[in-house]
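Asks: Dock chain B against the given chain A, drawing on the hints supplied.
Protein chains: 2
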Amino acid sequence: MFTPDPKDPPAPPTCLGSASTQDMASSCQDGREEECPREPDPKRLKLYGVGNPISMFSSDSSCLSFRGRVIKWFWDSAEEGYRTFHMDEYDEDKNPSGIINLGTSENKLCFDLLSHRLSQSDMLWIEPSLLQYPDWRGHLFLREEVAKFLSFYCKSSAPLKPENVVVLNGGASLFSALATVLCEVGEAFLIPTPYYGAITQHVYLYGSVRLVYVYLDSKVTGQDTRPFQLTAEKLELALQGANAEGVKVKGLILINPQNPLGDIYSPRELQEFLEFAKRHELHVIVDEVYMLSVFEESLEYRSVLSLERLPDPQRTHVMWATSKDFGMSGMRFGTLYTENQHVATSVASLCRYHGLSGLVQYQMARLLQDRDWISHVYLPENHARLKAAHTYVSEELKALGIPFLSRGAGFFIWIDLRKYLHMATFEEEMLLWRRFLDNKVLLSLGKAFECQEPGWFRVIFSDKAQRLRLGMQRIRQVLESKSQVSEDNLPCPNKKLHDQPR
Amino acid sequence: MFTPDPKDPPAPPTCLGSASTQDMASSCQDGREEECPREPDPKRLKLYGVGNPISMFSSDSSCLSFRGRVIKWFWDSAEEGYRTFHMDEYDEDKNPSGIINLGTSENKLCFDLLSHRLSQSDMLWIEPSLLQYPDWRGHLFLREEVAKFLSFYCKSSAPLKPENVVVLNGGASLFSALATVLCEVGEAFLIPTPYYGAITQHVYLYGSVRLVYVYLDSKVTGQDTRPFQLTAEKLELALQGANAEGVKVKGLILINPQNPLGDIYSPRELQEFLEFAKRHELHVIVDEVYMLSVFEESLEYRSVLSLERLPDPQRTHVMWATSKDFGMSGMRFGTLYTENQHVATSVASLCRYHGLSGLVQYQMARLLQDRDWISHVYLPENHARLKAAHTYVSEELKALGIPFLSRGAGFFIWIDLRKYLHMATFEEEMLLWRRFLDNKVLLSLGKAFECQEPGWFRVIFSDKAQRLRLGMQRIRQVLESKSQVSEDNLPCPNKKLHDQPR
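Protein sequence lines, in the order shown, are assigned to chains A and B. Here the first sequence stands for residues 4 to 505, numbered as in the working numbering. Here the second sequence stands for residues 4 to 505, numbered as in the working numbering.
Chain A with its partners taken away, still in its complex shape:
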């Protein structure tokens, strides 16, 4: 079992700043850091890894249970970058030398459109049923709208059904609920890396479910046609490895469009991964939270709900939310679509703890049914703005000679700063991250996405031009001055995970 013994908490690690260090620790524990090459030895790269979210745990907060201390530790460590940011937040007028946040994956380009739509009089409606205990699956009027909305925008082959919809307060909650109802304590989901690292907590904090990383790398070799490419073969190998270690894998998590790669899976790839899962009786959670944020028209994104035939519909569970596609992570609205009524009901049972206000349910139903506004006002304008911001940051990166990945979906560019590390270590990566923060720009470092190659960073571009300009200026300053800074003057990295992505 994975549940730690409260009497024997794991010792704090000695050198690295991440939540899962087992596969990298040797590079600093042997004391020969200076000999590490910039490019990691491919032979040392592992194909998979079993996550242990508490391997970094050290805390002695009184009055809490052991798991309470782990939960608090995640907060204390993961939030550090954001706390620093919030204490010194950039404001054009009031704090022009404050920190620019290019770390949080939010779309800040369309507040004007959203404010205008959400302020309309149809958005404030009170009736007794909205103030009373809801159906924990969500009010029927909302589930009907969600089903119609997903049918239309996912281009489903047949109309989707309200009874397969469960609504709740965001994607984080849905990961937590699905992990708990699909896995026992200590069981695991496969996930290709790099991935949106917060999922580690979402499946672990309540559910005590682990992740088995399917490590992808940037080299294009053999049958791979692009960097960090996932294949069914890699899934097979990771599954076999986990099985051999006695870790029971119950499912696979796919993020499509992918975060942080900004990539999408082709229908053929999707089908392959779903067939792999079916062969092994694995659930598949398909996180499509960026499905309407594909701004590059040449990319032919396909929702899993648009496939003609799902190999194993009873084990395929799709999640979507308004956080990203409607730029409202503060609204706390997410939804599950699954044909499996056992899964839907058990998630609904947990929705007592993930419920959202009846008033918000009404607002979301109004929003989702306003097809005219979504298709003819919001989405075209949002995509145009995303594209312009993306073009600006891409051009800046090219001018700086920084390689990057980004195919035209999501809010992020995955940049390769490996050449700025003196050694290919995550300690060096964190030093660079901290230098960006010291120069007042917050980024997300690759380790937070469990990327196996030190030196990758995620830059969010879905922000206003003025903040982007300043942010890119500050990134440029750090990189240009990098070689002039004396290593000795830098503060020691502490033992925390600094940049939990959001």
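Think of the hints as simulated: they come from the structure by calculation, not from any bench. One or more of the hints may lead you astray.
For identical chains, the list gives no copy identity; a pair is met inside one copy or between any two copies.
Within a straight-line C-alpha distance of at most 25 Å, the following computed DMTMM-like cross-link-like pairs (lysine to aspartate or glutamate) qualify [what the hints assert, rightly or not]:
no., residue 1, residue 2
1, K251, E187
2, K111, E130
3, K97, E130
4, K111, D138
5, K97, E147
6, K151, D138
7, K251, E284
8, K467, D115
9, K422, E483
10, K151, E398
11, K158, E311
12, K111, D441
13, K151, E303
14, K164, D79
15, K164, D91
Remember, predicted model here, so these are calculated numbers, not experimental data.
Replies: Okay, now just chain B, sitting in the frame of chain A:
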């Protein structure tokens, strides 16, 4: 450990319809039900009991984890009464022969006042920060209002502080989060019975935390001055009993005003229970969700936050919500107040899964700061309506010769129908409950509150006069016709817990 072995699910029980039957099962397993006396033998009443929420579990839903099946089972069973109700809901015009719901603890008397206030233009405000990721403790502007609101209405001796406030989507979530951060899997909280039975699930479904029941009974003997009276001595005995069985107790849950008794604890009693907890280093969760629903002026209710000195402030955690006092269980707004920053932070860490919309946070801040409306419009009118409804139902009960408890707080009357049972068994209690439902009135049965004496029911009176009249008429019909109904024609009770209170 309490975590059940997935390979060895507990066998379904053979006769009773409740979530915890170990102390009653003998009365039917010996096959001599007809010999059971109407009054249970006092010597057979236990002083405490250790809850086992899965003792009734039987399910074979495929694709779910064992705990997922338990979670689903709770939904399937607990919701049955409500599902029946929702399929045939009373409506004065459209379905006058539908079911009247006197089972759900909601205040339906003030929708006019609430609708009017919540529809005002100050309630719809959109700004970027409300649409972005929040501080998971809650927006500062809201925590400031909560602190001021609680300081004023709880009559705190010193101003309460925003940093001790965490807001989230309701009391259910708060129980779940507190159980998880204060207890390990299988550990327990003490709780006096009868109690709001949904807490069983709130601490168990995610947290795997149990309840140790401190059984109270209706007899007034010895030092007790009222029925179902809690004393520190009874707490001591239950704690000793649990310890002797190897169950680690980490805290005590107090509901004040009490649900379902409609009772309040005096400051002296509160102090005594808090001192008991301090002696044993137990946390105390004080659920004050009905604190503004004390409608009987002669009752001198005191919030625990008004005490001059808390014996153990680092282990005293207070919860409140708008569900009951503002009649809006569909709003999903609750709050924790604790001086323990470790507890506040670890609960905040879990608030990623219990977050509420920024728009609702803004609305709640507006509502709570409108002291003028609350004190001069809402509360006086709400209390007057509660009192009138309470008087009506009380008078009806007196006319029927039904003993009851209710001291003037909350939405419920705890009625004693023991004389209508042929035998003092929970099977009989459920037959009576089902007869009420067949006659189109939904009540809550005592077993759902872990009452140890079969035959008690909770009646909700906070409803419109017309529905109350009809509901009471239907109750009267059942009780008057009770003896004429042939037992043989009744359907067998199934193995489910029918009436999980809300």
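Asks: Work down the list of hints and note, for each, if the structure agrees.
Replies: To see whether the hints hold, each was checked on the structure:
no. : hint        : verdict
1   : K251 x E187 : both (9 Å within a copy, 23 Å between copies)
2   : K111 x E130 : between (32 Å within a copy, 12 Å between copies)
3   : K97 x E130  : between (42 Å within a copy, 18 Å between copies)
4   : K111 x D138 : between (33 Å within a copy, 17 Å between copies)
5   : K97 x E147  : between (45 Å within a copy, 23 Å between copies)
6   : K151 x D138 : within (19 Å within a copy, 33 Å between copies)
7   : K251 x E284 : within (12 Å within a copy, 38 Å between copies)
8   : K467 x D115 : within (12 Å within a copy, 43 Å between copies)
9   : K422 x E483 : within (12 Å within a copy, 87 Å between copies)
10  : K151 x E398 : neither (39 Å within a copy, 51 Å between copies)
11  : K158 x E311 : within (10 Å within a copy, 63 Å between copies)
12  : K111 x D441 : within (23 Å within a copy, 55 Å between copies)
13  : K151 x E303 : within (22 Å within a copy, 53 Å between copies)
14  : K164 x D79  : between (41 Å within a copy, 21 Å between copies)
15  : K164 x D91  : between (47 Å within a copy, 23 Å between copies)
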